[in-house]
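Read top to bottom, the protein sequences are chains H and X. So that you can map any letter, position 88 of the first sequence is 118 in my numbering, and since no number is skipped, the others follow by simple counting. So that you can map any letter, position 160 of the second sequence is 190 in my numbering, and since no number is skipped, the others follow by simple counting.
The hints are simulated quantities; they were obtained by calculation from the structure and are not laboratory data. Think of the CB as a built atom: it goes at the ideal place given N, C-alpha and C, for glycine as much as any other residue. A portion of the hints provided could be inaccurate.
Keeping only pairs whose Cα atoms sit at most 27 angstroms apart, straight-line, the calculated DSSO-like set for lysine-lysine is [unchecked claim]:
hint : chain 1 : residue 1 : chain 2 : residue 2
1    : X       : Lys-193   : X       : Lys-220
2    : H       : Lys-51    : X       : Lys-465
3    : X       : Lys-48    : H       : Lys-324
4    : X       : Lys-324   : H       : Lys-220
5    : X       : Lys-361   : X       : Lys-462
6    : X       : Lys-462   : X       : Lys-476
7    : X       : Lys-48    : X       : Lys-202
8    : X       : Lys-465   : X       : Lys-373
9    : H       : Lys-202   : H       : Lys-361
10   : X       : Lys-51    : H       : Lys-324
11   : H       : Lys-465   : H       : Lys-476
12   : H       : Lys-505   : H       : Lys-462
13   : X       : Lys-462   : H       : Lys-51
14   : H       : Lys-373   : H       : Lys-465
15   : H       : Lys-462   : X       : Lys-51
16   : X       : Lys-361   : H       : Lys-373
17   : X       : Lys-505   : H       : Lys-51
18   : H       : Lys-193   : H       : Lys-48
19   : H       : Lys-361   : H       : Lys-373
20   : H       : Lys-361   : X       : Lys-373
21   : X       : Lys-361   : X       : Lys-465
22   : H       : Lys-505   : X       : Lys-51
23   : X       : Lys-202   : X       : Lys-220
24   : X       : Lys-361   : X       : Lys-505
25   : X       : Lys-324   : H       : Lys-202
26   : H       : Lys-373   : H       : Lys-476
27   : H       : Lys-373   : X       : Lys-48
28   : H       : Lys-202   : H       : Lys-51
29   : H       : Lys-465   : X       : Lys-51
30   : H       : Lys-220   : H       : Lys-465
Far from chain H, some chain X residues (derived; all Cβ distances over 12 angstroms) [stated by the list, open to error]:
hint : residue
31   : Glu-58
32   : Pro-165
33   : Gly-181
34   : Ser-276
35   : Leu-282
36   : Tyr-480
Number of protein chains: 2
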Amino acid sequence: MQTEHMARATIGRVPDDKITKEEFHAHELTLRTALLRAQEDLADRDFPVILCIDGPDLTGGDDVFERLHEWFDARFLRSDAYGAPTAHESGYPWLWRYWLNLPPVGTVWLVRRSWTASLIARRSFGELDDATLGPRIAHVQRLERQFAAEGALILKFWLHVDKDTLERRLDKARKKGKWTVQEEEWALAKHYDEGRDVARRVLRETDTEWAPWHVLRGDDRRARDLEVGTRIVQALRHRLDASHASPPPLELAPARPRAPQLAEVDLDARGPEEAGYDRLRHDYQARITTAHRKAVQKQAGVVFVFEGWDAAGKGGAIRRLVRAMDAQHYKIFPIAAPDAREKSRPWLWRFWRRLPTRGKVSVFDRSWYGRVLVERVERFASEADWQRAYAETEDFERQLVEHGYLLVKFFLHLSDAEQLRRFEARREVAYKRHKLTDEDWCNREKRGAYEAAVDEMLARTGSVAPWHVVAADDKHHARLEVLRLAAEELEAATSPRS
Amino acid sequence: MQTEHMARATIGRVPDDKITKEEFHAHELTLRTALLRAQEDLADRDFPVILCIDGPDLTGGDDVFERLHEWFDARFLRSDAYGAPTAHESGYPWLWRYWLNLPPVGTVWLVRRSWTASLIARRSFGELDDATLGPRIAHVQRLERQFAAEGALILKFWLHVDKDTLERRLDKARKKGKWTVQEEEWALAKHYDEGRDVARRVLRETDTEWAPWHVLRGDDRRARDLEVGTRIVQALRHRLDASHASPPPLELAPARPRAPQLAEVDLDARGPEEAGYDRLRHDYQARITTAHRKAVQKQAGVVFVFEGWDAAGKGGAIRRLVRAMDAQHYKIFPIAAPDAREKSRPWLWRFWRRLPTRGKVSVFDRSWYGRVLVERVERFASEADWQRAYAETEDFERQLVEHGYLLVKFFLHLSDAEQLRRFEARREVAYKRHKLTDEDWCNREKRGAYEAAVDEMLARTGSVAPWHVVAADDKHHARLEVLRLAAEELEAATSPRS
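Here chain H stands alone, though its shape is the one from the complex (with noise of 0.2 angstroms):
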């Protein structure tokens, strides 16, 4: 399929006749004209548009960025250029930067320079190789599966000349002394054979019915734009007339052999009394503290995420948890509800905006595992998106794994009685009844649901992260082996073999 689709693409209306200045005006006119009628219609829509402006500078991909810029309407545009990532930006995973600025549904986003055209410079000027080459297209194709299967509409352009008019030009240009001759260009033109040969496979793996590919020769400044406009239009306003056909499900993320499961947790387990509680507490703290100062030193990033049962004790843990590190490294992001603006982004937006920068702390109070409890349970996602969630996290904290960030991952169990009695308690206390809501005590009722949903979600997420499941009846065993737990994962990732 995807062969035959990137054909389809290289074969197209190749503009090689010259157009002239008339015949472009009068084309123009009615193009902006629909262009505008189609992006004011997309305003009330629930989907972004995606447009992708890929290609060397000299084959015209700023002049067709620009246009594009002068064509829609800039209140519902948005639009990002990315060139070599700054120290900043390199602190995070590579696709971070491009997550960052996803734009709201109802908007155009130009993106110029993007996460392919990024991977095919880095590959044709040496500073990836071809095993690290592979693994980043998988990321560029589940990239662009998700934001379609959240209905994103997706256009992505490669323009291209061939190697004499690309000298010409260069040759023009530095007569000239022009500007927009980059340092990249001269090399790009020196290694034109390769660098056209690392297009050609990148572009082939990651055209997809649901995120093609328009390669268009960029000779013909006036038949160029008019091309691109015209594809945008046609394909924006089929979408618009049309149903969004999603690609096809993943497949759901396959359950490990031998997962922990919630039966399996002795909820009996006891810790110390005070006296002995507090002389393990302060041990642990004190092995979390040198080795987090050592993560520190090292620029590691660290990512603690907490999920359980209402009630489990996660806020206590959580707080004991960070008195061993010194408050300017670490960020606790409590997770409710998504807001409206985070609801008009692909679901994962909001927790790839708080991920740490080199040497800090994020600590998750509730997290991206949401997706496959409360919101399967309660249906605020449909069957299908739940179901891909299961991937799209593995491939998340994949990401994270391979950047260098520690994951570690609580699960607090608590026994149905003992989550009865403390929600009990909380009613009793007053600045503890905030805390306690309706939707808590209605919760409780489906402790079936949601025990299947946890059982699942261990299953089918561990093999990146595994979890850590936590009995947490009792407080003091709960705290102490959540410390215990970070103790280690943290020395094991600081270790200087690590």
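Position chain X against the provided structure of chain H, taking the given hints into account.
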């Protein structure tokens, strides 16, 4: 007034008496309930609460910060703990990282090691000299005044212990290998007297009625925490139940005697026809390219501001300006009315967020001047609000220029007759119709009021970065003027001497 206030703060109930665990829990119960109730009431109100917890670690600052996390309802709490600025943060004016995190109205913002603490620490360790300290204290005064004028309730706590106590704590911590002790703490103990003198000066000069200091001894943990909590409840309760006393109005920023005025602009100015125009345009663009490359090499940030009448040609001028730069280095921000998220923060927040990092360019298509133009004339801002905006923008721009940004401001002036002609032409061209709203026609009727507002803006806001008022009745003239002036400013800023 300031000294009297400071005296009051220092005298306040100093918790010298030890409090037993039982006493503490009894008080805590009442206090937490009152805090939560106040926080709940705050949620519906249109102001935020800013709580600064300052003072070195061993004085108890970290402990208080954490205790407040435990007491407040996390859902309506934001918190940030600051350390030394990161490399990324250092690329912006020093107050940027605080502006960036400003919370929306209705929430509590807990700030550990705030702007003041940062000043005190950096001066104590000799990273700032006295010549720099003075202006930075003034930044803090104006920052807090602005936040208060926008409605914020600001409480600042400074925790301290005497020299003997600090040394005893350090000894104890050293023996335990305790983790919280940073290098800085040791240095602070060694330079206790200097540190205290710096703190005294800074606290005295930043103690105001609208952002008072509460200076407390940090010795006894329980007494100290109760004291902090009590003061917060009192201040918050008082503010919730009473009306808000804003800071006394700022004096209007003075009008410059020789500021440009609209009436002086020669609107008959005409640029050359096609061929001459193209040649000049290319020349200017080449100069901009060269100078901008130097700016990138120097890692200098550049901010362009475009204001002007509707249909004056801002968009066209901006497109021709950015043509001379590589797309990855600039970003254009079209500024419309603030959205809900922006409205719930101090008005300058949305512009602070759009400042360029090192070596980048932000182009504002309309800007913070909307406050004294459209928001003034259309009465979206109260008179007191737009009047203080002159001084606030001058202060904002001074911080940009002091930080090393090049700031270039244009006002494109258009005659009433030419505007009418362009509006009518827009009505005729299908793809331009969206640029013309009923509002635009309405605004035309208030030409006189807008002219007065523009003249006052030109007079009161040009002392940090001068206004370039450009005659825009002729497009060629206006575009060339913008390019010429941009080239000259960029060249001056990147010449070897500057």
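Quick rundown of the hints versus the structure:
no.	hint	result
1	X/Lys-193 / X/Lys-220	holds (10 angstroms)
2	H/Lys-51 / X/Lys-465	holds (24 angstroms)
3	X/Lys-48 / H/Lys-324	violated (37 angstroms)
4	X/Lys-324 / H/Lys-220	holds (26 angstroms)
5	X/Lys-361 / X/Lys-462	holds (23 angstroms)
6	X/Lys-462 / X/Lys-476	holds (23 angstroms)
7	X/Lys-48 / X/Lys-202	holds (20 angstroms)
8	X/Lys-465 / X/Lys-373	holds (24 angstroms)
9	H/Lys-202 / H/Lys-361	violated (53 angstroms)
10	X/Lys-51 / H/Lys-324	violated (36 angstroms)
11	H/Lys-465 / H/Lys-476	holds (19 angstroms)
12	H/Lys-505 / H/Lys-462	holds (17 angstroms)
13	X/Lys-462 / H/Lys-51	holds (20 angstroms)
14	H/Lys-373 / H/Lys-465	holds (24 angstroms)
15	H/Lys-462 / X/Lys-51	holds (20 angstroms)
16	X/Lys-361 / H/Lys-373	holds (25 angstroms)
17	X/Lys-505 / H/Lys-51	holds (21 angstroms)
18	H/Lys-193 / H/Lys-48	holds (19 angstroms)
19	H/Lys-361 / H/Lys-373	holds (23 angstroms)
20	H/Lys-361 / X/Lys-373	holds (25 angstroms)
21	X/Lys-361 / X/Lys-465	holds (21 angstroms)
22	H/Lys-505 / X/Lys-51	holds (21 angstroms)
23	X/Lys-202 / X/Lys-220	holds (16 angstroms)
24	X/Lys-361 / X/Lys-505	holds (23 angstroms)
25	X/Lys-324 / H/Lys-202	holds (23 angstroms)
26	H/Lys-373 / H/Lys-476	holds (25 angstroms)
27	H/Lys-373 / X/Lys-48	violated (50 angstroms)
28	H/Lys-202 / H/Lys-51	holds (22 angstroms)
29	H/Lys-465 / X/Lys-51	holds (25 angstroms)
30	H/Lys-220 / H/Lys-465	violated (65 angstroms)
31	Glu-58	violated (8 angstroms)
32	Pro-165	holds (25 angstroms)
33	Gly-181	holds (22 angstroms)
34	Ser-276	holds (30 angstroms)
35	Leu-282	holds (33 angstroms)
36	Tyr-480	holds (21 angstroms)
Going down the numbered hints, you'll see the structure goes against 3, 9, 10, 27, 30, 31, while the others check out.
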